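K.L.:
Given the coordinates of chain A, work out where chains B and C should sit on it, guided by the hints.
Residue numbers (numbering that gives the first Met the number 0), protein chains in the order written: chain A, 0 to 344; chain B, 0 to 287; chain C, 0 to 405.
Don't take each hint at face value.
What the hints assert, rightly or not - As a list, the in silico BS3-like pairs of lysine-lysine whose alpha-carbon atoms are at most 27 Å apart:
{"id": "1", "chain 1": "C", "residue 1": "K394", "chain 2": "C", "residue 2": "K353"}
{"id": "2", "chain 1": "A", "residue 1": "K280", "chain 2": "C", "residue 2": "K31"}
{"id": "3", "chain 1": "C", "residue 1": "K212", "chain 2": "A", "residue 2": "K124"}
{"id": "4", "chain 1": "B", "residue 1": "K32", "chain 2": "A", "residue 2": "K308"}
{"id": "5", "chain 1": "B", "residue 1": "K156", "chain 2": "B", "residue 2": "K284"}
Worth flagging that the hints you see were computed from the coordinates, not collected in a lab.
None of the values given here were measured: they were computed from a predicted structure.
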Amino acid sequence: MPRSLSKDAITTILVTAILIWVMPLLTSTYTLTVLIVYGMLGLSLGLIWGFGGILCFGQAAFFGLGAYTYAIAAINIGESTVPMVLAVLVPAVFAALLGAMMFYGRLNDVYLGVITLVVTLILFKFINSTAGPQYMIGNARLGGFNGIPGFQTLNIPGHPDDYIWGDSYFYVCAVLLGVVFFLVSALLRSSFGRIAVGIRENETRMSLMGYDVRARKTVLFAAGAAIAGLAGALFANWAEIVTPSLFSLGQSAEIIIWCIVGGLGTRLGPILGAAGLAYLKFLLGQQTLIDNTLITGLILVLFVLFLPKGIVPALASLWKVSFGRRPKERIHLQRRMKSRGRING
Amino acid sequence: MDLIVVILVEMLYAVASLILISAGLAVVFGMMKVINLAHGEFMMLGGYATITAVNLGVNIFLAMLIIAPIVVGLIGLITERLVIRHLYGRLVDTMLATWGLSLFFIGLATMIFGNTTTGISTPIPGFTIGNYQINGYNFFIIVVAGLLLIGMLTILKSTRAGLIARGAMQRSDMAAALGYSPDRIYMATFFCGSALSGLAGAVLAPLVGLVPTSGGAYIAKSFITVIAGGPSLIAGLFTSAGFFGIVNQVFTFAISPVIGEVALLVAAVVLLRLLPQGITAKFFKGKL
Amino acid sequence: MSLNRRNFLASSAALAGASMLPRVAMAADTIKLGSILDTSGIFDAYGKPMDMAMRLAVGEINAAGGLLGKQVEVVAYDTQSDMALYSQYGQQLARQDRVDVVHGGILSASREAIRQTMRKTKTPYFYNVLYEGGVCDRNIFINGVTPAQQVEALVPHAMGKSGKKVYILAADYNYGQITARWIQKFVADNGGETVGVDFFPLDVSDFGSTIAKIQSAGPDLVIAPLVGGAHLSFFRQWAAAGMNDRIPLASTTLGVGNEHKVLTAEEGNGIMVAYNYSQELDTPANTAFKDRWAAAYGDSGAINELAVSNYQGVMTWAEAVRQAGSMDRDALIASMESGLSIDGPAGKITVDPKTHHAVLDVHIMEMENQGMKVIETLAQRQPIDTQAVCDLSAKPNDNTQYEINI
Chain A
0 MPRSLSKDAI
10 TTILVTAILI
20 WVMPLLTSTY
30 TLTVLIVYGM
40 LGLSLGLIWG
50 FGGILCFGQA
60 AFFGLGAYTY
70 AIAAINIGES
80 TVPMVLAVLV
90 PAVFAALLGA
100 MMFYGRLNDV
110 YLGVITLVVT
120 LILFKFINST
130 AGPQYMIGNA
140 RLGGFNGIPG
150 FQTLNIPGHP
160 DDYIWGDSYF
170 YVCAVLLGVV
180 FFLVSALLRS
190 SFGRIAVGIR
200 ENETRMSLMG
210 YDVRARKTVL
220 FAAGAAIAGL
230 AGALFANWAE
240 IVTPSLFSLG
250 QSAEIIIWCI
260 VGGLGTRLGP
270 ILGAAGLAYL
280 KFLLGQQTLI
290 DNTLITGLIL
300 VLFVLFLPKG
310 IVPALASLWK
320 VSFGRRPKER
330 IHLQRRMKSR
340 GRING
Chain B
0 MDLIVVILVE
10 MLYAVASLIL
20 ISAGLAVVFG
30 MMKVINLAHG
40 EFMMLGGYAT
50 ITAVNLGVNI
60 FLAMLIIAPI
70 VVGLIGLITE
80 RLVIRHLYGR
90 LVDTMLATWG
100 LSLFFIGLAT
110 MIFGNTTTGI
120 STPIPGFTIG
130 NYQINGYNFF
140 IIVVAGLLLI
150 GMLTILKSTR
160 AGLIARGAMQ
170 RSDMAAALGY
180 SPDRIYMATF
190 FCGSALSGLA
200 GAVLAPLVGL
210 VPTSGGAYIA
220 KSFITVIAGG
230 PSLIAGLFTS
240 AGFFGIVNQV
250 FTFAISPVIG
260 EVALLVAAVV
270 LLRLLPQGIT
280 AKFFKGKL
Chain C
0 MSLNRRNFLA
10 SSAALAGASM
20 LPRVAMAADT
30 IKLGSILDTS
40 GIFDAYGKPM
50 DMAMRLAVGE
60 INAAGGLLGK
70 QVEVVAYDTQ
80 SDMALYSQYG
90 QQLARQDRVD
100 VVHGGILSAS
110 REAIRQTMRK
120 TKTPYFYNVL
130 YEGGVCDRNI
140 FINGVTPAQQ
150 VEALVPHAMG
160 KSGKKVYILA
170 ADYNYGQITA
180 RWIQKFVADN
190 GGETVGVDFF
200 PLDVSDFGST
210 IAKIQSAGPD
220 LVIAPLVGGA
230 HLSFFRQWAA
240 AGMNDRIPLA
250 STTLGVGNEH
260 KVLTAEEGNG
270 IMVAYNYSQE
280 LDTPANTAFK
290 DRWAAAYGDS
300 GAINELAVSN
310 YQGVMTWAEA
320 VRQAGSMDRD
330 ALIASMESGL
340 SIDGPAGKIT
350 VDPKTHHAVL
360 DVHIMEMENQ
370 GMKVIETLAQ
380 RQPIDTQAVC
390 DLSAKPNDNT
400 QYEINI
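Isolated chain A, as found in the complex (with noise of 0.2 Å):
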């Protein structure tokens, strides 16, 4: 266990130096920026649904949660290393809260994801009409639907006029996206980690032989929520504004076309997945022979018919054809991954 940990460590060190330098020569780093960003987000959805089996419609309102509670912290503090923190913890204890009313109330699959598409909208309701001067937390106007616009961005912490911009934003978001990837990967190792792809597998099962499967799903979706709130902040340092679509149900549902593009019950896929998508957003925004949202909506129809597993998967078992010597250990889990079907499913 151990050595395999350490492996995943040294692996994730490499690949993401390998990016860190070969991906500014394709694009500008701002753009690059905005997709570690989202391929953040993605992988926050891909750990409660890929490896939770927690279908959550409204990953979006712990993005939009962090990226609020950074503005609002950083409009009132002036300084960004206590908001970032903020930005983090909000969405964890809002999400510990909402799965620990779900899961001990035995709420499941479609159910769960009607509360979470609820709650999603409830918030964005909210946020959406507090355009009046009497909405003020601190001395941060909410906005309503314009959003909140020019707050500290993020600074090397205690210097509050050293801003991080630019270039070396972007390898701290790629950093930060590595650091978080390699956390995931020790979360899956751990027995933590384990035991709740069992719950995933066969939740009755679990529960009878000992484990408390709620608590253990709350704590899983509390991760989850982390880890989009910090994708929030950034995004918020990135973008220098929040606006209430980054609660939208649009949003939402973006996030789960990511994970399902790029393969669930990867780690790699839901990044992927995310960054290759928006970037393809971004780059059908530059012509306008067809509608985009027309693209959109193909691209994921063909999808769930010819590919429903996503790109990893498919790559990942190509290669196992191509270049038949894996682990054995590898081979048997991809036997048992392909003869269980979908999730949820």
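P.N.:
Using the frame of chain A, we list chains B and C on its own:
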């Protein structure tokens, strides 16, 4: 006094419109356990079908009640054959595919009709209650929703097709063993569900400005209504639409339309926490 | 269209490696005009005509020999009604494409998403949309009407035609909130009384209960700065309840996206509005503009307030470049601040040097048979709301959007 009557009418109208916008989704979900996230876009297409027909000189009631349901039903049928039927039994995949379809239809409608708001005016004049004027069209919607519920109940209860449908709903394997092809039943169900969505979109079209993205406004509400309703098709639809409609209007009148919407959503969370399988899992058990 | 496609190809090719090339390599043989608008998604009813107007203006400038002997090249991006894409494309325009000027942005949120980027990169930015007022920034020029310009004209006229008791229904965001406050101020100034104010988020489309509420308050006049497709339902439901014969309506937003062409004549007739432009404006400049538009796009039906604003914005910028004689930002700002004015389809537009807003004609209009009939023209109205808080000649480094306290 007049105001109370007006409020009652508005409440009935709120309930009726919830029933209308949820009926199509409820049929498809209740019978096939498929959550059709393109439901809102089917409604949008129903609206466009009506407006196009009216602009071509067709009588508005004919356009709303006959043409729109048939057009949208056929679109639904094509969709079912091309996409949905490959995904039966995969709840999450159907949701994603239909969500993709919804985006596809939005894009398609934008390319065909453009993104400018269009609409037709209501065919029924205003109505006076004491000192108040209210929208006469509200009554039309209440009547349509009522007839719809009665119609569905009659078909399911007392026709052979309804019997087969109910059978397939409870045990599709048994229905198949008795020689009824589930494939065809599902096809017919999806046609009916889409047609109902088209009808709802058509009937509501004169009240709103229609844009290709209009469907998005309905999907969340209808989704919540159907899920909160629970396993029984008609009783569930009626009770949850009734509950949410009344909660919504009470808060709308007492405070503001925004609070009304939020109250509806909060009520949904509380309801699902207390009755995790929906209203009719606990009450009206075994009813239709 | 073709320009856009070329851009797409060029930028995809550029992705392969151009970003590694030294930036100096791009020789400036054309003047680059960056445009950033929602030409798809929910706001494209505004964005598409604005895009058409921008291309029409650039085409006319180029046909007349370009600027400073160079052709103007359009670099346009579609933000798909997504605020995140504004940040992204704004950066792209300013840092990678290195455009000489940016025109665009529709919603206030979109403007705030790119304004600081333009300021940091010293790219002159033109925001050509009517909005809530108060932006004070030396790098931005705004030529849309602000609430005070409209409301100051509209309220006395509408009250004169109806009565003293006013009910306000406004869209629940920055613009609506601020406009509602200005309406309340001018209602009080004209000796009237506001009997109710309601705010609606942009997605509310059911107004049945509101219509009942209004009737219990019994106002003489309803002023409705409502925005977007969902809010259009209000006017429809109001007419369906038979209220349009009972209480007169006024609005500061209806018609900006040509909404009056969607309402039937019976639903729309008699609604009072005040804008800078109307298709029914009977001036030689407007007739000629409509002809040129029709020659370019086949039909002049799509022209609306925002399209004309965008056209006038591009033309104002072109005039300033001609007068400055160089593409230097400071020279451009100096010539803009010299009391520059142009004659556009909507009449004379003068740049207010203190606020970088516009002094323009406001027309009081009434809807009639799906058109906007001009009742009265108030010439050269000052942007008094922004002037109250913003003075760029005294404080050139100001960079805030003021909320005006009334």
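K.L.:
Indicate, hint by hint, whether the structure satisfies it.
P.N.:
These are the hints, each one checked on the structure:
1. Pair hint C/K394 plus C/K353 holds up; C-alpha atoms about 9 Å apart against a cutoff of 27 Å.
2. For the hint linking A/K280 to C/K31, the alpha-carbon distance of about 24 Å falls within 27 Å, and the restraint holds.
3. Annotation: proposed proximity of C/K212 to A/K124 holds, straight-line Cα distance about 22 Å (limit 27 Å).
4. Taking the CA atoms of B/K32 and A/K308, the gap is about 21 Å. The hint holds against a cut of 27 Å.
5. The hinted pair formed by B/K156 and B/K284 meets the criterion: a straight-line CA distance of about 16 Å does not exceed 27 Å.
Violation of the numbered hints given earlier is absent; every hint is satisfied by the structure.
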